Amino acid sequence: MTKLARRLGFAVISVLASVALGPIVRAEPGVTDTEIRIGMWTPLSGPVALLGQSARDAVRLWTKEINEKGGIHGRKINFIFYDDAGSPQEAQAAIRRLIDQDQVFMLISGSVSGSTLPVRQIVTREKVPFVSSISSNINLMKPFSRYIFRIYGNEDVQAYNILGWMINNEKVQRPAIIYNSNDYGVGGFQIYQDRLKTAHQVASVAAERYNPGDQDFTAQVLRIKAANPDGLLIYAFAQEAGIIVRQAKELGIAAKLFGGGGTSTPLLQRGAGPAAIGFTAVLVVPEIPETSTNPAVVGYRDKLKTAFYPDGFPPGRPSEYDTAAYAAAMLTQATLEKVGRNLTREAFVDMLETTKNFDTGMTFPISYSKDNHEGTTETEIVKVGPDLKWQAVARSGGR
Amino acid sequence: VELLSQVVISGITLGSLYALVGLGFVVIYRATKVVNFAQGEMMMLGAMLALYLFSDLSIPYFAAFLLAVLGCGMFGVVLERAAYRKLLNAPVVTLILATVAVGQMMRAGVRILRGSEVSRFPSILSAEPFLIAGVTVTPLSLSIITIAILLVCAFMLFFRKTRLGKGMEATSENRDAALLVGISVNQTFSLVWAIGSALAAAAGVLLAPLIIITPEMGTIGIKGFIGAILGGFNSIPGAVAGCFLLGVIENLGGVYIASSMKDVIAFCVLVLVLTIKPQGLFGAEEGKRA
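Chains as they are written, first to last, in our numbering: chain A, 647 to 1045; chain B, 167 to 456.
Everything labelled a hint here was simulated from the structure, so no lab data went into it.
As the structure is a computational prediction, the values presented were derived from the model and not from experiment.
Even for Gly, the Cβ is constructed at its ideal location relative to N, Cα and C.
Hints should not be assumed to be uniformly reliable.
To be verified - Where chain A lies over chain B, by a calculated footprint (3+ residues, C-beta under 8 Å):
{"no.": "1", "stretch": "168–177"}
{"no.": "2", "stretch": "298–307"}
{"no.": "3", "stretch": "375–389"}
{"no.": "4", "stretch": "405–411"}
Claimed, not checked - Below 25 Å or equal to it, Euclidean Cα-Cα: the simulated SDA-like pairs (lysine to any residue) are:
{"no.": "5", "chain 1": "A", "residue 1": "Lys902", "chain 2": "B", "residue 2": "Phe296"}
{"no.": "6", "chain 1": "A", "residue 1": "Lys902", "chain 2": "B", "residue 2": "Tyr218"}
{"no.": "7", "chain 1": "A", "residue 1": "Lys902", "chain 2": "B", "residue 2": "Pro288"}
{"no.": "8", "chain 1": "A", "residue 1": "Lys902", "chain 2": "B", "residue 2": "Val301"}
{"no.": "9", "chain 1": "A", "residue 1": "Lys817", "chain 2": "A", "residue 2": "Val851"}
{"no.": "10", "chain 1": "A", "residue 1": "Lys902", "chain 2": "B", "residue 2": "Ala256"}
{"no.": "11", "chain 1": "A", "residue 1": "Lys1035", "chain 2": "B", "residue 2": "Ser285"}
{"no.": "12", "chain 1": "A", "residue 1": "Lys902", "chain 2": "B", "residue 2": "Ser426"}
{"no.": "13", "chain 1": "A", "residue 1": "Lys902", "chain 2": "B", "residue 2": "Thr302"}
{"no.": "14", "chain 1": "A", "residue 1": "Lys902", "chain 2": "B", "residue 2": "Leu297"}
{"no.": "15", "chain 1": "A", "residue 1": "Lys902", "chain 2": "B", "residue 2": "Pro295"}
{"no.": "16", "chain 1": "A", "residue 1": "Lys902", "chain 2": "B", "residue 2": "Lys332"}
{"no.": "17", "chain 1": "A", "residue 1": "Lys951", "chain 2": "B", "residue 2": "Leu279"}
{"no.": "18", "chain 1": "A", "residue 1": "Lys1035", "chain 2": "B", "residue 2": "Pro288"}
{"no.": "19", "chain 1": "A", "residue 1": "Lys1035", "chain 2": "B", "residue 2": "Val351"}
{"no.": "20", "chain 1": "A", "residue 1": "Lys902", "chain 2": "B", "residue 2": "Pro305"}
{"no.": "21", "chain 1": "A", "residue 1": "Lys1035", "chain 2": "B", "residue 2": "Glu294"}
{"no.": "22", "chain 1": "A", "residue 1": "Lys1029", "chain 2": "B", "residue 2": "Pro295"}
{"no.": "23", "chain 1": "A", "residue 1": "Lys773", "chain 2": "A", "residue 2": "Gln738"}
{"no.": "24", "chain 1": "A", "residue 1": "Lys1016", "chain 2": "A", "residue 2": "Gln767"}
{"no.": "25", "chain 1": "A", "residue 1": "Lys1035", "chain 2": "B", "residue 2": "Lys332"}
{"no.": "26", "chain 1": "A", "residue 1": "Lys902", "chain 2": "B", "residue 2": "Val303"}
{"no.": "27", "chain 1": "A", "residue 1": "Lys843", "chain 2": "B", "residue 2": "Ala424"}
{"no.": "28", "chain 1": "B", "residue 1": "Lys332", "chain 2": "B", "residue 2": "Leu316"}
{"no.": "29", "chain 1": "A", "residue 1": "Lys1029", "chain 2": "B", "residue 2": "Ser285"}
{"no.": "30", "chain 1": "A", "residue 1": "Lys902", "chain 2": "B", "residue 2": "Gly300"}
{"no.": "31", "chain 1": "A", "residue 1": "Lys710", "chain 2": "A", "residue 2": "Gln749"}
{"no.": "32", "chain 1": "A", "residue 1": "Lys1035", "chain 2": "B", "residue 2": "Asp222"}
Sequences and hints are given; from them, build the entire structure.
Structure (structure tokens):
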């Protein structure tokens, strides 16, 4: 009898204890005494693999450095990444795996907009903090999510700033635009229309659109030429923009050429060749990763080379997705350090929201608040020089 | 008027490339009744091969051009022997699907070997525009038109005048009868695939400096197919004319109606023509064989 009573007593006490102490001892997903699990889904294969490989390498490099130093508050970083090939379906699968199976504490960097928007709901519902460094789509923040943070200027900011540069600094009086008929291009076109009317009081002389996958733009370029603009904004991805730039020159358009954030990559010159010289575009980071002499970027380049590419970088690397992801990792590190040993997702988000002017030199200074998770409204204006390399021209925009 | 002539000239440049691809479609179709949906990929392969020979191995342009075209022609023969000949007695639909599969494999293969990198073919002729009677042209586009027209003419003469060409014509008319008069049908088929592939490759190499080289560039090849249907799929001159017409219609519609609608307009014209004249604008009526 007494044995049974004692056993029962134990059972009751342990049940009571677990109820009472539950919230305290219940483990936070992805955090143990010795490690923090951080997850990434990103394109490592397929047409946009360059973006994902950049982000993965950056975070892998950071993980290595942190762990060699002994981790953050005694916890090592366990970095888990999956390839989504830029496909929304594979992104969904990867996210489920990261959240359910691997139980990561947080997500970093993420994928292209097409594979990030479809998972934002899951991320918000599961309350997983996510520091995004690839997607610049405005809908990532619509509706506002407590758990999602962006590291650089969104599409609206990019369009504002290049348009401002075009009209205010380059004194374009007769602007024209050619844009992709997908979300990205139409978004850029709407801002172009609105801002010309409300902010710049200049009338557009021509607006032409094309469809994703088009490879010939003669008809559009000829219509634009007939309207005789003095500045043409190309709101396209770099591959198409390269052809448009070349065809514009071949068909005798003399207007200055400008591009949105999608065009400021070395892919543009590879498509356009010498026709690209003088092309001006907006870039989301202040430094051109391949050529910058900023100590932070130089340091990153050197470390990346020793760690993963001793025989030289693949074409297009390091890209702005390298430096942006590395900045996202450094921001994560600073926040984890501030939160301390009692790490929870909620505490991490609260601390991230207090970020003010976090400046790595690799992105613009990042600030967040309770109701604003857009890190910055600054961008860089860059131009293709006579050597066909991008050159930084000026900072534009700001809070 | 200046705009109009500009539009027409640019349309002809496009059309001449469509014509090369379209001719390849027709050559293969007439002999084998197969619509080869891997033509676009063969085009891409031609461009890739030429780029490799020209840029990486520094072989002179014309030699690289010839080697790429010959290489793709040979690859066409290999494909015919390895993939299509075994299916000769299968329904034509099976064969067409096989070409779709081969096309996908070629695209994926290039992506694996080379990655999805974007490259530009350094054009040997200057793309610096000059004016002829108010129309902006570049030496590049002029040379493309010239080379394409020369190639088209050469192949048309080949079919009309040479023994081999006549043998191919005969095979396309009646396979059994051709066999009876001593034409090797297998050899002819190999030749047909070689020529079809070589034409596609030539189009690819010529097109390369106008657009950019990616594993996906073959999608433009489908325009050659549409042009050929428009002109008449069973007639070589008809198909060629159809392709030129398509290039011009696309540009006219794009400039004078709406640029984002240029493909829609081209397809509308195609549907209209096919409703009124199913064999295509210049196609001969196909007699039913007993």
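Each hint, compared with the structure:
no.: 1; hint: 168–177; result: holds (count 5)
no.: 2; hint: 298–307; result: holds (count 4)
no.: 3; hint: 375–389; result: holds (count 8)
no.: 4; hint: 405–411; result: violated (count 0)
no.: 5; hint: Lys902/A <-> Phe296/B; result: 19 Å, holds
no.: 6; hint: Lys902/A <-> Tyr218/B; result: 34 Å, violated
no.: 7; hint: Lys902/A <-> Pro288/B; result: 24 Å, holds
no.: 8; hint: Lys902/A <-> Val301/B; result: 21 Å, holds
no.: 9; hint: Lys817/A <-> Val851/A; result: 15 Å, holds
no.: 10; hint: Lys902/A <-> Ala256/B; result: 58 Å, violated
no.: 11; hint: Lys1035/A <-> Ser285/B; result: 16 Å, holds
no.: 12; hint: Lys902/A <-> Ser426/B; result: 23 Å, holds
no.: 13; hint: Lys902/A <-> Thr302/B; result: 18 Å, holds
no.: 14; hint: Lys902/A <-> Leu297/B; result: 21 Å, holds
no.: 15; hint: Lys902/A <-> Pro295/B; result: 17 Å, holds
no.: 16; hint: Lys902/A <-> Lys332/B; result: 55 Å, violated
no.: 17; hint: Lys951/A <-> Leu279/B; result: 24 Å, holds
no.: 18; hint: Lys1035/A <-> Pro288/B; result: 17 Å, holds
no.: 19; hint: Lys1035/A <-> Val351/B; result: 56 Å, violated
no.: 20; hint: Lys902/A <-> Pro305/B; result: 24 Å, holds
no.: 21; hint: Lys1035/A <-> Glu294/B; result: 21 Å, holds
no.: 22; hint: Lys1029/A <-> Pro295/B; result: 23 Å, holds
no.: 23; hint: Lys773/A <-> Gln738/A; result: 16 Å, holds
no.: 24; hint: Lys1016/A <-> Gln767/A; result: 19 Å, holds
no.: 25; hint: Lys1035/A <-> Lys332/B; result: 55 Å, violated
no.: 26; hint: Lys902/A <-> Val303/B; result: 20 Å, holds
no.: 27; hint: Lys843/A <-> Ala424/B; result: 24 Å, holds
no.: 28; hint: Lys332/B <-> Leu316/B; result: 20 Å, holds
no.: 29; hint: Lys1029/A <-> Ser285/B; result: 20 Å, holds
no.: 30; hint: Lys902/A <-> Gly300/B; result: 22 Å, holds
no.: 31; hint: Lys710/A <-> Gln749/A; result: 21 Å, holds
no.: 32; hint: Lys1035/A <-> Asp222/B; result: 21 Å, holds
In the structure shown, a violation is registered for the earlier hints numbered 4, 6, 10, 16, 19, 25, in ascending order.
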